[in-house]
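Top to bottom, those sequences are chains C and P. The number in the working numbering is simply the position in the first sequence, starting from 1, with 147 added. The number in the working numbering is simply the position in the second sequence, starting from 1, with 3 added.
In short, the hints are calculated from the structure, not lab data. No experiment lies behind these values; they were computed from the predicted model shown. Ideal placement from N, C-alpha and C gives every residue a C-beta, glycine not left out. Every clue listed holds true.
Straight line, CA to CA, 30 Å or less: simulated DSS-like cross-link-like pairs of lysine-lysine: (1) P/K152 to C/K235; (2) P/K72 to P/K152; (3) C/K351 to P/K152; (4) C/K235 to P/K72; (5) C/K235 to P/K327; (6) P/K252 to C/K191; (7) P/K152 to C/K191; (8) P/K152 to P/K219; (9) P/K226 to P/K212; (10) P/K198 to P/K226.
Derived CB-CB ranges, DEER-like: (11) P/D336 to C/R497: 39 to 49 Å; (12) P/L312 to C/P469: 51 to 61 Å; (13) C/H278 to P/G155: 34 to 44 Å; (14) C/P459 to P/K319: 48 to 58 Å.
Residues from chain C shown here face chain P by an in silico Cβ test under 7 Å; the list is partial: (15) G202; (16) G209; (17) L212; (18) C215; (19) W248; (20) P304.
Letter by letter, the chains look like this.
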Amino acid sequence: MSNMVQAIRMALHVGEERHGVTDIFGEDVGPPLGGAFTATQGLKTAWNSPLDERGIVGTSIGLGLAGCRNVAEIQFCDYGFNSIDLLKLAGMHHWMSNGEWNCPITIMTPVGSGIRGSIYHSHSFDATTTHIPGFKIALPSTPRDAYGLLLSCIVDPNPCFFLVPKSLMRVRSLPGEEIPGEPGDDRVLAKMIDAPLGDRTSWKPQWPETPDHLVPFGEARTVRSGRDLTVVSYGRTLPLCVKAAEALVEEGIDAEVIDLRSLHPYDWSRISESVRRTGRVLYVNEDSEITNFGEHLIRRTVEELFYELAAPPRLLAGAHVPGIGLADSLEMVSVPQLPSITDAIRSLARSEP
Amino acid sequence: MSTSLRPVRSPPASELSPDLLSKLHSLMVKARVLEERLIQMYRQGDGFFWIGGPGEEAFNVPLGLLIHKGRGPQYDYCHFHYRQSATLLAMGADPIDAMRQMKNSATDPYSGGRNFVGHYSIRQWNVVPVSSPIEVQYSIAPGTAIANKRAGGRGITIVTGGDAGTAEGDFSTCLVWSSRPANQLPVLMIVTNNKWGISTHFQGQHGEKRISDRGKAFGIESKTIDGNDPEVSYRELSAAMEYVRTERKPFLLEAMVSRLYGHSSASGANRTNDEADCIAGFERRLEERGLLTRQQMDELRAQFTAELLAAHKQVKEEPQPESKSIYEHVFADRDLVRGDG
Numbered sequence: 148m149s150n151m152v153q154a155i156r157m158a159l160h161v162g163e164e165r166h167g168v169t170d171i172f173g174e175d176v177g178p179p180l181g182g183a184f185t186a187t188q189g190l191k192t193a194w195n196s197p198l199d200e201r202g203i204v205g206t207s208i209g210l211g212l213a214g215c216r217n218v219a220e221i222q223f224c225d226y227g228f229n230s231i232d233l234l235k236l237a238g239m240h241h242w243m244s245n246g247e248w249n250c251p252i253t254i255m256t257p258v259g260s261g262i263r264g265s266i267y268h269s270h271s272f273d274a275t276t277t278h279i280p281g282f283k284i285a286l287p288s289t290p291r292d293a294y295g296l297l298l299s300c301i302v303d304p305n306p307c308f309f310l311v312p313k314s315l316m317r318v319r320s321l322p323g324e325e326i327p328g329e330p331g332d333d334r335v336l337a338k339m340i341d342a343p344l345g346d347r348t349s350w351k352p353q354w355p356e357t358p359d360h361l362v363p364f365g366e367a368r369t370v371r372s373g374r375d376l377t378v379v380s381y382g383r384t385l386p387l388c389v390k391a392a393e394a395l396v397e398e399g400i401d402a403e404v405i406d407l408r409s410l411h412p413y414d415w416s417r418i419s420e421s422v423r424r425t426g427r428v429l430y431v432n433e434d435s436e437i438t439n440f441g442e443h444l445i446r447r448t449v450e451e452l453f454y455e456l457a458a459p460p461r462l463l464a465g466a467h468v469p470g471i472g473l474a475d476s477l478e479m480v481s482v483p484q485l486p487s488i489t490d491a492i493r494s495l496a497r498s499e500p
Numbered sequence: 004m005s006t007s008l009r010p011v012r013s014p015p016a017s018e019l020s021p022d023l024l025s026k027l028h029s030l031m032v033k034a035r036v037l038e039e040r041l042i043q044m045y046r047q048g049d050g051f052f053w054i055g056g057p058g059e060e061a062f063n064v065p066l067g068l069l070i071h072k073g074r075g076p077q078y079d080y081c082h083f084h085y086r087q088s089a090t091l092l093a094m095g096a097d098p099i100d101a102m103r104q105m106k107n108s109a110t111d112p113y114s115g116g117r118n119f120v121g122h123y124s125i126r127q128w129n130v131v132p133v134s135s136p137i138e139v140q141y142s143i144a145p146g147t148a149i150a151n152k153r154a155g156g157r158g159i160t161i162v163t164g165g166d167a168g169t170a171e172g173d174f175s176t177c178l179v180w181s182s183r184p185a186n187q188l189p190v191l192m193i194v195t196n197n198k199w200g201i202s203t204h205f206q207g208q209h210g211e212k213r214i215s216d217r218g219k220a221f222g223i224e225s226k227t228i229d230g231n232d233p234e235v236s237y238r239e240l241s242a243a244m245e246y247v248r249t250e251r252k253p254f255l256l257e258a259m260v261s262r263l264y265g266h267s268s269a270s271g272a273n274r275t276n277d278e279a280d281c282i283a284g285f286e287r288r289l290e291e292r293g294l295l296t297r298q299q300m301d302e303l304r305a306q307f308t309a310e311l312l313a314a315h316k317q318v319k320e321e322p323q324p325e326s327k328s329i330y331e332h333v334f335a336d337r338d339l340v341r342g343d344g
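Take these sequences, add in the hints, and give me the full structure.
See the structure below:
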């Protein structure tokens, strides 16, 4: 069963073979490394760019305007902040030309904490990207969703962000959540598509036959059904929410957990249906809490579902501090972790008017 | 990589035919009259803001005539900035469309009333949307140039900017990305140097003697020319383009030009008299050579003035975009503005 980097690699291969991807590029994306997280190993259109994020985003836009579907990687989203105006421009081309041009590009970048990445390898990007109109935004939490959402980005006629939770890069699919066509044995898949250590010059991957399993934008997934409250999350914090919900069963708390998967468009109908049923909602993500995407979701919750709520909607998010400090004692309190998520679910479930 | 620079051969001065000289002149005058009309529109309240390129016609008209226009990577991709109405007219654009953009009308074919004047977008000619930042086009150009090169024809990417904008990192991005030994790119990098960044003079901000010198460090063929002379511009652009088309490598061309009405309407859009006027200089030469008389040239200007006045009156009557249209064209496939999936 694949992990998330392998799933991304397989989706990129399918993009090259069947969906017209002409370029997969960025710093260290091509051989010999094949990506800082190995997500681009063995791909025939992968190439190394200069160490220049503005050039990466700009060239991606230019390729897209010329009709070349491409996936451009910012090695860590922390280094994409110097390209915000170019990202804005990518999201603007269709609108500013009154519908004349479109820009079919995918900006792929690892996001979030969880690898003890210190100040410049731990930033979140979801609040930033949801502030850039014209983009579709995907943020998977499982290998199969990574595969399906990346393919949706690739075939889309608009610019797309594919945000990858870096702490989940090596997490494997759960049984029953395999990518169709992938070998069931981890070692078999690794032998087929992981580049060997040492000299790779003559290595060629053996790609499994995987289908066009697309996860559509705007379609959330209910990971766990429950009746007492709704927990909406995505990315790194999603599996923590599931784990917390399962642990709370023995306390008599039955939480529903929704994986949002795409942030624009997003599946409001699934959220609202669930919240109408449970009357309580907790939004969880790890971006800093002020002007956080979860705040937008709370605004809609209050405006549209106010009279159906049994408790105030809550947001559990990252501390509003400039970065995530390296020491374990700093990182653990800067962004939501299993104990804080468990506490938040418990207190929301038990809150009384 | 070898950094030796072979000189690019320029054809001799006498090669331009009388017909071509006359065409250059006519387009230069038309472009100037258009800019003056756009300034008039601003003064009369028929537009919120004017910016343009009066003073750059001697360079921008030859550029427009030499572009291989069309759609797709077999043709030239154009990453322009906002002082190039003369280039657009030389490519065959109708001046009334610039006036429609000035008036932010629904009929503005470039942006539907969304963008400032001079911010063109013509997909059928590979003119990508012009945006107000003065540098981003230099970062985007390598992308279309990769497509040009891969297509295998003679199409090139042309990117223009001003001298002040070269201080931005994107200018370096274009130098670096177009000259990578792994994949040199057919990019004609143009800098029209009017020696001003709004109110700040070049002299106090640029330690390099010539902007074109910056190409040399990358092994990029580079040249600085007199962009106020349309014959020089035509010859040098022809030579530079031919080099980029055939060698599939970058070229950096710096053209010294004038700025005759200041930065924009924000600085008054008043005529300055202390910079060379390329049209006046060219007309003296045409008269001396007996190609055109003063009377013919005056009549030509009067004709354009009358035509564009009539166009102005027409544009005044055209509708503004509907307010509800703000949600149109956010996405190329469907309306997802509210975020609902």
